[in-house]
Amino acid sequence: MTQRITKWPGVELSAADLNEGKVTQTRFRPNAKYAWSAGEAMSRFLAELQNGRLIARTCRSCKRILFPPRMFCEVCFRPTDEWTYIQDTGTIETFSISYLDTDAKRIPDPILVGVVSLDGASPKMGMMHYFGDMTKDEIRIGMRVKAVWKPWEERRGSVLDIRHFGPLRKDAK
Amino acid sequence: MRVGIIGVGMTAFRPSTPEYSWKELMFEAASRAYADAGVDPRTEVDSFVTCAEDYYEGFGIFDEFTPDQLGGALRPVCTVTGDGLQGLANAFMQIQTGLIDIAVVEAHSKASDILTLEGIIEHGLDPIWNKPLGGHPFLIAGLEADAFVRKTRTSVKAFAAVVAKNRTNALRNPLAAYAAKVDAEQVLSSAERFAPLRALDIAAPADGGVVLVLASEAAARRRHANPVWIRGIGWASDSPTLETRDWTQAAYAQLAAEMAYRLAKVRRPATEIDFAEVDDRFSYKELQHLEAVGLAKKGEAGRTVLKGGYDPGGALPVNVAGGSLGCGNVFEATGLHRAAEVALQLRGDAGSHQIDGVRVGVAQSWRYIPSATGAVAVLGVGQ
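Protein sequences appear in the order of chains A and B. By numbering that gives the first Met the number 0, the letter at position 120 of the first sequence is numbered 119, and the numbering carries on one by one without gaps. By numbering that gives the first Met the number 0, the letter at position 326 of the second sequence is numbered 325, and the numbering carries on one by one without gaps.
Worth double-checking, as some hints may not be accurate.
[As the list claims (entries may be wrong)] Examples of chain A residues toward chain B, derived with CB under 8 Å: (1) Thr25; (2) Phe27; (3) Pro29; (4) Asn30; (5) Ala31; (6) Trp35; (7) Ser36; (8) Ala37; (9) Gly38; (10) Met41; (11) Phe71; (12) Phe76.
[Said to hold, decoys possible] One-sided and incomplete, this derived list gives chain A residues near chain B with beta-carbon spacing under 7 Å: (13) Ile4; (14) Lys32; (15) Tyr33; (16) Ala34; (17) Glu73.
Treat the hints as calculated values from the structure; they're not laboratory data. Ideal Cβ placement from N, Cα and C applies to all residues, glycine included.
So that you can see chain A by itself, here it is in the shape it has in the complex (with noise of 0.2 Å):
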């Protein structure tokens, strides 16, 4: 319907007539800054990202190992138990192709993102992050990765501290 439309009732407007002030417009930029307390679950697991490990906590009422760390447990609403460590090691749960950036531009190599279940986390813990060192085609659910850390000296206590998940065995790729 609309494409059959040539010429719409009013007056148009263009990005120049924007840029030249000749349309009446208020601008304002918020001045709207956080600092989030980590708390002390994620204080902890980001500290430990630094260090290149991946931190977990226990809940002994439902035997979960809870990764992300948390200090409740959601299902026993309980407080959390222990800290233990568990491998960077998974499995590919789910993963998407993304042929598009978040400008909804077309990426030439499309980005390879999904969630790893985590290997000495309860099933279905683990991370989301990328996945490297392998292509649209490799990748599929179920698949072993490993996680690729940065250089100790470029991490910051960051997810991005892992650069993103790669095969876990050299020949798969």
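Given the structure of chain A, go ahead and fit chain B onto it with the hints provided.
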């Protein structure tokens, strides 16, 4: 159907809480409330209501992040973008439907996570009419305080008396963040801010969490609980437009109180209400709100506070726990904190700031600058 409060949980209010994430803060308040009520949130609570504003939290769709630390994962959960008393009204209505037996209301402040508090509050101003002018958003409180002074001929000494009373009251409340022996002279000689308001007339921000557990009368009886009844609750909003609102009185509080009193069958609030917890985040607000909710005649609240009428031993104790001036401004948790304090007083569980023989109390809230929105709850014990 009657609805009662069967559990109260609060964290301490602190200027900052770097040791806690906001989720861990909520978990503590919730754990205390469930222990107080003797309720297991995983099996016995039917609905969870949280109260928050995304801009205060610093991320979008805040409600998405609430279930785990409240015990509400895989359960009915919703967020009210408003003050805690508005959330209390929501939970009250949910129970009135008969679908929900036990509901939980949560509100918190993690104001210490906000680096640019004035900027966040300024962002609530009208983008075309007011924002281009710039200026500190607390100017709105100055405008209103000035209109209140002129209309009611209230002395600024009365503002100072409110601050001295509430900061001093807070000394008896171990949860308060800003308890101090402050006298009126100290307030009147503090730095000028937004005339007629001075530095000490403004409540400082604090972190803290409040959780209440509500139950229908039947559910409360089954659990052998001794509830504090929500006799009536109401809420209202004046025009948000700064240019058309009534600056001299808090119309929103008056309308909210009328609604709450109608439900509670309170005809003469001044004689039927034993004590009040009202919003005092700017000193004059306590006086303006007392007049709006019918607990003082117009123009009388200032004279009464100067005579000690709102002291813990006065005819109408007001903000015995210290108010926001003494406990700190906990933003969307402010109204729920007031309801929690009223409930504790009515149960006789207010510790060293307990007042004797109280049966009916009022909690009143305001949604802070730049809003003209508020709510009122009438709470009582016995038949």
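Inset, instruction - Grab the minimum C-beta distance from Glu73/A to chain B and call the hint holds if it beats 7 Å, violated otherwise. - result: Constraint on Glu73/A satisfied, holds at 4 Å.
Legend entry - Residue hint Thr25/A, partner chain B, criterion CB-CB below 8 Å: At about 5 Å, which falls below the 8 Å cut-off, the nearest Cβ of chain B leaves the hint on Thr25/A intact, so it holds.
Legend entry - chain B contact restraint for Pro29/A - C-beta distance below 8 Å: 5 Å, holds
Inset, instruction - Have a go at the Ser36/A hint: is there a Cβ in chain B nearer than 8 Å to its own Cβ? - result: At about 5 Å, which falls below the 8 Å cut-off, the nearest Cβ of chain B leaves the hint on Ser36/A intact, so it holds.
Inset, instruction - Tell me if Ala37/A is really an interface residue toward chain B, meaning its C-beta lies closer than 8 Å to one of theirs. - result: 6 Å, holds
Inset, instruction - Go through the hint on Ala34/A and say holds or violated, using the shortest Cβ distance to chain B against 7 Å. - result: Check passed: Cβ of Ala34/A comes within 6 Å of chain B, closer than 7 Å.
Legend entry - Cut-off 8 Å, beta-carbon criterion: hint that Ala31/A touches chain B: Hint on Ala31/A: holds, closest Cβ of chain B at ~6 Å, below 8 Å.
Inset, instruction - Would you settle whether the hint for Tyr33/A is holds or violated, based on the nearest Cβ-Cβ distance to chain B being less than 7 Å? - result: 4 Å, holds
Legend entry - Status of the Ile4/A interface restraint (C-beta, 7 Å, chain B): Check failed: Cβ of Ile4/A comes no nearer than 32 Å to chain B, outside 7 Å.
Inset, instruction - Tell me if Asn30/A is really an interface residue toward chain B, meaning its C-beta lies closer than 8 Å to one of theirs. - result: Since chain B brings a Cβ to about 3 Å from Asn30/A, closer than 8 Å, the hint holds.
Legend entry - Restraint check, 8 Å cut-off on beta carbons, for Phe76/A near chain B: 4 Å, holds
Inset, instruction - Have a go at the Met41/A hint: is there a Cβ in chain B nearer than 8 Å to its own Cβ? - result: 6 Å, holds
Of the numbered hints listed earlier, the single one contradicted by the structure is hint 13.
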